[in-house]
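S.K.: Under the UniProt record's numbering, the residue at position 35 of the sequence shown is numbered 35, and the numbers go up by one with no gaps.
For the record, the hints were derived by calculation from the structure and aren't laboratory data.
Cβ atoms here follow ideal geometry from the backbone N, Cα and C, with glycine treated the same way.
One or more hints might be untrue.
With beta-carbon atoms standing in for the labels, derived distance ranges [said to hold, decoys possible]:
no., residue 1, residue 2, range
1, Val-42, Ala-101, 27 to 35 Å
2, Tyr-73, Ile-99, 24 to 32 Å
3, Ile-70, Lys-27, 34 to 42 Å
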Amino acid sequence: MNISSAIVYTKDGNEATEVAKRIEQLKGCEVIAAQDGKIVVVMSAENLDGEIELFKALEGIEGVSGAAMIYSYQEDLQQDIESIKKSGKISEILLDENIDAKDIVYNGHVGDRVK
1 MNISSAIVYT KDGNEATEVA KRIEQLKGCE VIAAQDGKIV VVMSAENLDG EIELFKALEG
61 IEGVSGAAMI YSYQEDLQQD IESIKKSGKI SEILLDENID AKDIVYNGHV GDRVK
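Build the full structure now, drawing on both the sequences and the hints.
M.R.: See the structure below:
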């Protein structure tokens with residue numbers, strides 16, 4: 001079981017109530033608070049794939065400008081790690097424990113998503 005929380009940002013603060021209703025319709029999502037165009041959501045899923053699927057569903061809801069994962073807890077983390085390793089969907093650089101973190105280059109733009 002994975003339990004996580006996210007902040008969902010609405011395109012227009014006035015439509016937060018409608019967006020919150022759409023979020024509540026997603027199985028595994030519960031709206032905890034909504035204010036000033038921001039909605040706090042708690043999500044529960046069976047595994048990491050389910051958690052990612054819910055997060056993507058949040059981002060795809062009409063009226064949502066973005067979502068930021070705040071917290072994630074996995075009861076069986078080792079099982080998820082093994083599943084990801086076997087899937088081949090993760091870069092080798094992230095699996096090699098001999099690589100120094102300072103040698104990993106980040107090319108994203110966190111500031112574009114966090115307000």
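S.K.: Holds or violated: 27 to 35 Å for the Cβ distance of Val-42 and Ala-101?
M.R.: holds (31 Å)
S.K.: Does the Cβ-Cβ separation between Ile-70 and Lys-27 fall within 34 to 42 Å?
M.R.: About 20 Å separates the Cβ atoms of Ile-70 and Lys-27, which means 34 to 42 Å is violated.
S.K.: That 24 to 32 Å hint for Tyr-73 and Ile-99 (C-beta), does it hold up?
M.R.: holds (27 Å)
In terms of the numbered hints stated before, the structure departs from hint 3 and from no other.
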